[in-house]
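Colleague: Single-letter residue listing:
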Amino acid sequence: MALVKLWQKVTLQERDRVHLSGEPIVEVSRVSMRYDGVVALEDVSFAVKAGERIAIVGPNGAGKSTLLRIIAGVLTPTTGSVRIYGRGPGGHLCIAYIPQRNQVDWNFPLTVADVVMMGRIGKMGLLRHPGPRDWAMVRRALEQVGMADLADRPIRALSGGQQQRMFIARALAQEAELLLMDEPFTGLDRPAQEGILEILEHLRRQGVTILLATHDLEQAASHFDRVLLLNRRLIAFGPPDAVFTPEALRAAYGGHLRLVPVEGELVAVGDTCCEGG
Amino acid sequence: MGEALRVLLDPLQYAFMVRGLIAAVVTGGLCALVGTYVVLRGMAFFGDALAHSILPGLALGYLLGGGSRDALFWWGLGTAILAALGIGALSRGGRLKEDTAIGVLFAGAMALGVVLISTSRSYAVDLTHLLFGDVLGVGEGDLIRLGIFAALIFAVVVLFYKELLVISFDPVLAVTLRLPTRLFENLLLLLIAATVVVALQTVGVALMVAMLVTPAATAYLLTRRLPAMMALAVALAALSSVVGLYASYYAGVASGAAIVLTATVVFLVVRLAPISRGSSRA
Numbered sequence: 001m002a003l004v005k006l007w008q009k010v011t012l013q014e015r016d017r018v019h020l021s022g023e024p025i026v027e028v029s030r031v032s033m034r035y036d037g038v039v040a041l042e043d044v045s046f047a048v049k050a051g052e053r054i055a056i057v058g059p060n061g062a063g064k065s066t067l068l069r070i071i072a073g074v075l076t077p078t079t080g081s082v083r084i085y086g087r088g089p090g091g092h093l094c095i096a097y098i099p100q101r102n103q104v105d106w107n108f109p110l111t112v113a114d115v116v117m118m119g120r121i122g123k124m125g126l127l128r129h130p131g132p133r134d135w136a137m138v139r140r141a142l143e144q145v146g147m148a149d150l151a152d153r154p155i156r157a158l159s160g161g162q163q164q165r166m167f168i169a170r171a172l173a174q175e176a177e178l179l180l181m182d183e184p185f186t187g188l189d190r191p192a193q194e195g196i197l198e199i200l201e202h203l204r205r206q207g208v209t210i211l212l213a214t215h216d217l218e219q220a221a222s223h224f225d226r227v228l229l230l231n232r233r234l235i236a237f238g239p240p241d242a243v244f245t246p247e248a249l250r251a252a253y254g255g256h257l258r259l260v261p262v263e264g265e266l267v268a269v270g271d272t273c274c275e276g277g
Numbered sequence: 278m279g280e281a282l283r284v285l286l287d288p289l290q291y292a293f294m295v296r297g298l299i300a301a302v303v304t305g306g307l308c309a310l311v312g313t314y315v316v317l318r319g320m321a322f323f324g325d326a327l328a329h330s331i332l333p334g335l336a337l338g339y340l341l342g343g344g345s346r347d348a349l350f351w352w353g354l355g356t357a358i359l360a361a362l363g364i365g366a367l368s369r370g371g372r373l374k375e376d377t378a379i380g381v382l383f384a385g386a387m388a389l390g391v392v393l394i395s396t397s398r399s400y401a402v403d404l405t406h407l408l409f410g411d412v413l414g415v416g417e418g419d420l421i422r423l424g425i426f427a428a429l430i431f432a433v434v435v436l437f438y439k440e441l442l443v444i445s446f447d448p449v450l451a452v453t454l455r456l457p458t459r460l461f462e463n464l465l466l467l468l469i470a471a472t473v474v475v476a477l478q479t480v481g482v483a484l485m486v487a488m489l490v491t492p493a494a495t496a497y498l499l500t501r502r503l504p505a506m507m508a509l510a511v512a513l514a515a516l517s518s519v520v521g522l523y524a525s526y527y528a529g530v531a532s533g534a535a536i537v538l539t540a541t542v543v544f545l546v547v548r549l550a551p552i553s554r555g556s557s558r559a
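Protein chains in written order, with our numbering: chain A, 1 to 277; chain B, 278 to 559.
In short, the hints are calculated from the structure, not lab data.
Cβ atoms here follow ideal geometry from the backbone N, Cα and C, with glycine treated the same way.
One or more of the hints may lead you astray.
[What the hints assert, rightly or not] A partial selection of chain B residues facing chain A, derived with a Cβ cut-off under 10 Å:
#	residue
1	L317
2	A321
3	L393
4	S397
5	R398
6	L436
7	Y438
8	K439
9	E440
10	V443
11	D447
12	V452
13	L456
14	L503
15	A505
16	M506
[Stated by the list, open to error] To spell it out: a stretch of chain A is covered by chain B in this simulated footprint if at least three of its residues, at any positions, have a beta carbon under 8 Å from a beta carbon of chain B; those stretches are:
#	region
17	67–77
18	118–128
19	234–243
Chain A extracted, bound-state conformation (with noise of 0.2 Å):
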């Protein structure tokens, strides 16, 4: 027992000392993906700094959710490669994917606890229960997306604003260092989507780094550092105004976007958002 302790120890701390070597948190070279010969992303690079907010936007079938997975480690891409801290993410526990409200059986019976300390089990090990500490953190995770009222709730009768949270709440109790959410506002009403953008501010000054694919391209442009405009191929990444072009647009989403002349400049009014994509 003893030398499982001083296993886990050298090891976490040689995950820190990795991660503080000064390396950008996320480094995508060159990846392509393509599943039975459908291409669903085409040479992609970008580097992301720690602590950064960015907004990966694009039409539905752009390769948000691939991207998103790739950087998880949850699929492998076909040629190139993704570097958490400077390795593989198949050696981190510090990234945290949130999906898609739709592709999780919200029937399953499970409290809103049950699903927070999920996020601990990474850290626990085989065959352990979980112990003082991670039912403190829990709670704390809780505590901090405004939810430790409804830690016994029955996950079925939340709300999408609170399923959003819940979720928040777990990669806060997994320790997550980067934060991957797909598509956390598509069916949200504006007072969820404000409270989880507070979440996220809050989030920051933790030094969290968050990639949040939206369809919302206001709250892109209002809420984020940088931008990521991607259809298959990457189109633009930087500063939502620098990215914001008129030309990247069109390129991005071709006559599916309805751009709106206001004092004299282009207001996007919205993509092809629905469900799901």
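With chain A fixed as given, assemble chain B onto it according to the hints.
Modeller: Leaving out everything else, chain B in the frame of chain A:
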């Protein structure tokens, strides 16, 4: 009061009834425990197919082992493990939809089993036992083996509770937590396979899926957390086994079918009653 007690105690004077009751309760509980995952993951068809695809293995065991129960069990277990992992691999990568592939294989396997058994002289009786079980024919050796396997399966479900839960609820999370996902997927398939084989003597191949699914489905309607669902499923299965076996004793009907029918009635009562969580779902 005395009359009721007599009704309860009367069958217990027969050793085969006592053994049958123990076997039915243990297998019922075991099936319900593992069946919780079958229900939550939507694997009912897999469970049904798995049970049926054991038939050719059982037939071979029967023909080669001269009717010995031990031979039947081990041949059954071997076939079940092969079938479970085979179906698992099939469902992961393939151009056919999973249920189509399973349907093709399981009907084929079943046909092969029937063909093999039909070469035996006592074809009808043997086939009936394999298809519908023979819980009143359970011997002491069977009970010991049942106990050992039940304890093993129970231990695995408890020891790997959190891992099996995560791969069932959120396989992507399991990957980002760097759990050996494929290993646990296969472990779950093996658990279901072993459970099916262990329970074979009680309900047989044809009704197996009911033992896996029905009590767990009833418990699903009534509970909010997985441990409660598991506990209630096991309790309901044990209860159905006892009631079904007594009904079969007094009414002189097939025991495996009586157990399944009891569990089905319990499910229907809960489903139609206004108290179930299903009717108040948000």
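Colleague: Quick check: the region 67–77 of chain A, covered by chain B? Criterion 3+ residues, Cβ under 8 Å.
Modeller: Our answer is that it holds, as 4 residues pass the Cβ test (under 8 Å) against chain B, meeting three.
Colleague: If you take the shortest Cβ to Cβ gap from Y438(B) to chain A, is it below 10 Å?
Modeller: Given a least distance of 8 Å, the restraint on Y438(B) holds.
Colleague: Min Cβ distance, V443(B) to chain A: is it shorter than 10 Å?
Modeller: Since chain A brings a Cβ to about 5 Å from V443(B), closer than 10 Å, the hint holds.
Colleague: Less than 10 Å between beta-carbons is the criterion; does L436(B) satisfy it with respect to chain A?
Modeller: Holds - the Cβ of L436(B) comes within 10 Å of chain A, reaching about 6 Å at its closest.
Colleague: Given K439(B) as an interface hint, is the shortest Cβ-Cβ distance to chain A below 10 Å?
Modeller: This interface hint holds because 5 Å falls under the 10 Å limit.
Colleague: Quick check: do three or more residues in the region 234–243 of chain A have a beta carbon closer than 8 Å to a beta carbon of chain B?
Modeller: violated (count 0)
Colleague: Can you verify the interface hint for V452(B): is its Cβ closer than 10 Å to any Cβ in chain A?
Modeller: holds (5 Å)
Colleague: Should the interface hint for L317(B) be scored as holding, given a Cβ-Cβ cut-off of 10 Å against chain A?
Modeller: holds (6 Å)
Colleague: In terms of beta carbon proximity below 8 Å, does the region 118–128 of chain A have 3 or more residues touching chain B?
Modeller: holds (count 7)
Colleague: For the hint on L503(B), does the least C-beta distance to chain A fall short of 10 Å?
Modeller: For L503(B), the interface hint holds, since the closest Cβ of chain A sits about 5 Å away, which is under 10 Å.
Colleague: Grab the minimum C-beta distance from L456(B) to chain A and call the hint holds if it beats 10 Å, violated otherwise.
Modeller: holds (7 Å)
Colleague: If you take the shortest Cβ to Cβ gap from A505(B) to chain A, is it below 10 Å?
Modeller: holds (7 Å)
Hint compliance for this structure: hints 2, 3, 4, 5 and 19 are broken, all remaining hints hold.
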